[in-house]
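Visitor: Chains as they are written, first to last, in numbering that gives the first Met the number 0: chain D, 0 to 277; chain S, 0 to 312; chain W, 0 to 354.
Calculated directly from the structure, the hints in this document are not laboratory data.
There may be inaccurate statements among the hints.
Computed, partial: chain S to chain W, Cβ under 8 Å [unchecked claim]: (1) P37; (2) I40; (3) F42; (4) L62; (5) P63; (6) Q75; (7) M148; (8) D149; (9) M169; (10) E204; (11) S208; (12) E210; (13) A214; (14) P259; (15) E276; (16) F278.
The beta carbon of each residue, even a glycine, is placed where N, CA and C say it ideally should be.
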Amino acid sequence: MYAKKKWLSLLLFALFAVLSFLALFPFFCLLLASFKPSTELLRYGLNLQLQPEILSLNNYYYLLADGRIYFVWFSNSVIITVLNTALALLFSSMVGYALAVYQFKWRNIIFATVLFVMMIPIEIILLPLYKLIVSLRLIDTYWGVILPFVVSPFAVFFFRQYAIGIPRDFIDAARIDGCTEFGIFFRIMRPLMAPAFGAMAILQALTSWNNLVWPLVVLHSEEKFTLPIGLSSLLTPYGNNYDILLSGAILSVIPIMILYLVFQRYFISGLTVGGIKG
Amino acid sequence: MDRQVSAPADSKTVPTKPTRLRSFFHSQKMAPYFFVAPFVISFLLFMLYPIISAFYMSFQEILPGEETFVGLKNYQALNNEHFYAAVSNTVIYTIWTLIILIPVPLVLAVLIHSRFMLAPVLFRSALFLPALTSIVVGGAIFRLIFGEMDTAPMNTILIKLGFSPQQWAMEGGTAMFLMVALASWRWMGINLLYFLSGLQNIPKELYESAEIDGAGSLSKFFRITLPLLKPVTIYVLTISIYGGFTMFTESYVFWTNHSPGDIGLTLIGYLYQQSFENFNMGVGSAIGIVLLVTILVINIVQLKLFGQFRREE
Amino acid sequence: MHNKLLIALQSGVGAPDIADIEISKFGNFLKGSNIPLAELDDLIQPEKDKFIQSRFDIYSKNGHNYGIDFHVGATVMYYNKEIMDQAGVKIDDIKTWQDYAEAGKKVLAATGKPMTTVEVIDNWTFWPMIAQQGSDMFDQNGQVTLDNETNIKTLKFLHEMVHGSKIAVPAPGGNHHKEEYYGFMNKGGAASVLMPMWYMGRFLEYMPDLKGKIVIRPMPSWEPGGKRSAGMGGTGTVVTKQSKQLELARQFLGYAKLSKEGNIRVWKTMGFDPIRWDVWDAPEIKEKNKYTDYFGDGIFDILLEIKDEIQPVNISEKTPQAIDLIRKDVLFKPLKENSMTPEDALKKAADELRK
């Protein structure tokens with residue numbers, strides 16, 4: 000039995016090592032390329048040769064020395080991402096939870112509307128939504144970027160699916176203990192849904208951090224730009240600045256990576272900690 | 000609020016004198032409306048007008064500062080080979096992503112979650128990392144790896160294995176492969192994350208009692224894991240159908256929306272081209288409405304089949 | 000970026016005072032009768048004869064001008080002198096496309112390398128070759144001329160070079176802006192390439208190993224004495240009618256892009272051929288810079304030589320659609336896949352445009 004387990008572990012390890020290699024290889028190429036002059040990349044294509052004499056921090060230096068605007072974009076992105084993620088998690092989890100556990104008249108209609116909003120291609124509502132944001136005087140503001148999408152239908156749907164899987168015993172027990180409906184959500188369900196919050200926090204933050212289409216349309220002043228808008232302004236019809244593009248991309252990954260490391264511990268908590276009482 | 004209504008549920012458990020406020024907090028009738036309020040408000044405030052307006056635009060010809068009603072003309076304009084190419088590419092792409100991006104991450108998640116797994120945190124993070132890169136840069140890296148020269152990494156490998164090098168971005172079959180490969184690379188870790196968080200929801204006790212009954216690994220997978228992952232799987236299925244049908248960037252990074260012989264044209268790509276490159280916003284809106292209705296119908300049918308609209312799951 | 004501008008102009012709020020619009024998108028902003036851009040005629044009028052007139056025509060509608068370009072985009076032939084010498088071909092003996100094809104055979108025989116690369120998913124090879132003959136995708140009234148005799152003959156010529164004498168190959172990656180192409184050309188992959196003047200920057204940035212080996216010459220002509228260039232590409236700077244400082248913005252644009260100083264800066268900082276030809280022999284233009292280091296001193300002598308031969312293009316509302324068709328079918332099917340004859344490919348696209 001023990002030998003069999005060991006075999007299985009090794010087999011799994013080998014499988015995942017190969018998969019991880021496939022996943023990380025392009026990433027590694029990118030990292031390496033960001034330390035080389037872009038002419039190398041175009042001259043010899045992508046390669047993994049480590050020639051210490053051409054590796055340098057120059058690309059990062061260009062990026063950061065090019066005025067402080069990169070940091071301004073960076074911090075704008077952080078502000079928008081944090082606000083957007085926090086609000087989206089709160090609201091979406093409330094809605095998803097209600098759709099999962101309560102029986103009420105409008106439930107299926109609201110659920111269908113959530114799906115409907117989720118399926119709208121943003122390209123067709125850009126112009127009317129822009130007009131709306133203009134008339135609400137939210138143009139060129141962070142709230143104009145955040146508010147229209149503050150209740151993420153994707154997150155609502157996910158929280159709903161997650162809450163469906165949680166046994167009702169918890170809720171009934173809490174009601175017997177005299178807990179209010181809101182208490183049940185905030186004190187009982189929230190911790191139980193921790194893995195869902197973890198997953199959604201990462202994905203919402205990721206979406207918000209990389210979002211380009213809507214913020215590009217709403218934000219007009221350069222000092223309010225987010226990182227993706229700023230970086231895309233480095234791509235011009237007269238040639239792309241590969242140097243800055245690659246180093247900028249590497250740096251822009253870091254905050255989300257930190258966030259991932261912070262939230263991923265929620266995956267190992269969850270139901271199993273407490274188990275089902277009685 | 001009417002105390003009588005909320006009383007039956009709470010009467011036994013709340014012996015204190017109920018005030019109006021108190022009964023509101025305990026009311027199972029009112030609570031759901033409070034919880035869904037953020038969605039309802041944001042929908043009415045921010046989405047209703049744009050949606051109606053987009054629908055209306057699909058019957059208009061739009062020029063700078065001029066909007067004229069043209070009836071069904073924009074929809075009739077979709078009867079052309081480019082639109083059909085876009086439909087066919089989009090459907091094939093969606094099918095491929097459904098085949099790859101649901102079963103594979105599901106199985107991988109179960110394996111990572113298993114107790115035989117060494118260093119699960121490490122591998123989970125490694126597989127998630129591609130999702131963090133922006134698509135523009137991910138696309139640039141893929142273009143270089145799948146370059147058409149003999150010296151590009153992938154062709155080098157093919158040549159070493161005795162195959163002939165490929166011009167990946169120039170033929171229909173390999174073009175589809177590029178898009179699916181890029182999508183798989185970027186989305187595998189994300190779907191893995193969904194399934195992993197779903198697995199946390201399954202009580203270990205269920206497995207333990209199944210083991211006592213002598214169930215093997217496979218039977219545990221099919222009898223416990225799969226049924227209990229159903230809600231999350233339905234979620235992944237729904238968003239994958241949406242993601243497949245609205246794919247654009249995975250094609251854009253290879254051909255900037257002008258692919259030879261339309262091998263990379265997708266529905267959103269065609270919409271984008273009409274709305275913003277040719278400034279035919281009316282036709283663009285018509286494509287968007289057709290697309291919206293298609294995805295919605297497919298997903299509603301699928302969700303109905305899986306019993307997601309029943310009163311009690 | 001330009002969808003942002005479209006949305007801002009369409010909704011009437013949020014457009015900037017001044018914006019750059021790429022030529023292939025410019026037609027979108029001239030649709031209908033309520034053009035949201037300010038007219039610039041009075042700024043241009045006083046010194047009109049100092050400029051390459053066709054660069055104003057492409058941003059005009061009903062006789063009014065709405066945009067000012069950065070450059071002429073004169074199309075030229077960039078020869079790799081090293082390869083031409085190896086094959087024993089004198090570059091200055093190439094006068095016509097016939098000479099060019101003959102030279103190509105010698106190059107192929109002597110070096111095994113193709114004479115040139117042809118864009119198959121982009122328009123920078125085919126378009127200048129038809130434009131230099133006074134032909135185009137549309138005529139001046141916006142009527143489709145894509146399948147006329149001249150265009151069919153030209154595409155057949157390209158087809159013969161690629162599939163007949165094999166002195167040309169489809170550009171690696173499909174056009175001259177792909178990573179594959181830069182790597183190929185940088186290693187001396189082909190003996191020449193036809194591109195506009197603004198392509199100089201790409202040589203500098205992406206093909207550093209060709210420094211000192213590239214010679215710039217006018218395009219070969221179709222018959223002796225024929226026209227030897229065409230103005231390609233471009234970005235028109237506009238003033239939007241939404242501007243709260245409309246007059247100030249117009250005056251600034253006029254100074255920045257019409258004055259002698261402005262045009263000299265366009266060359267010095269961007270390496271483009273400025274639209275004001277009377278600065279082409281100014282002393283500031285003759286100063287050494289990174290472009291003269293790479294290509295030698297004679298760059299503007301070539302431009303002055305072909306000044307009156309730089310043929311214009313006709314821009315219509317359907318130009319974005321036509322360019323899209325050319326990028327995906329018209330060149331790719333005959334030149335790359337060889338799955339359609341030049342004639343059929345052009346006819347099919349022209350029929351679609353006429354609908």
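Visitor: Run every hint past the structure and note whether it holds.
Guide: Each hint tested on the structure:
no. : hint : result
1   : P37  : 27 Å, violated
2   : I40  : 24 Å, violated
3   : F42  : 22 Å, violated
4   : L62  : 3 Å, holds
5   : P63  : 5 Å, holds
6   : Q75  : 12 Å, violated
7   : M148 : 5 Å, holds
8   : D149 : 10 Å, violated
9   : M169 : 7 Å, holds
10  : E204 : 54 Å, violated
11  : S208 : 58 Å, violated
12  : E210 : 55 Å, violated
13  : A214 : 54 Å, violated
14  : P259 : 4 Å, holds
15  : E276 : 5 Å, holds
16  : F278 : 4 Å, holds
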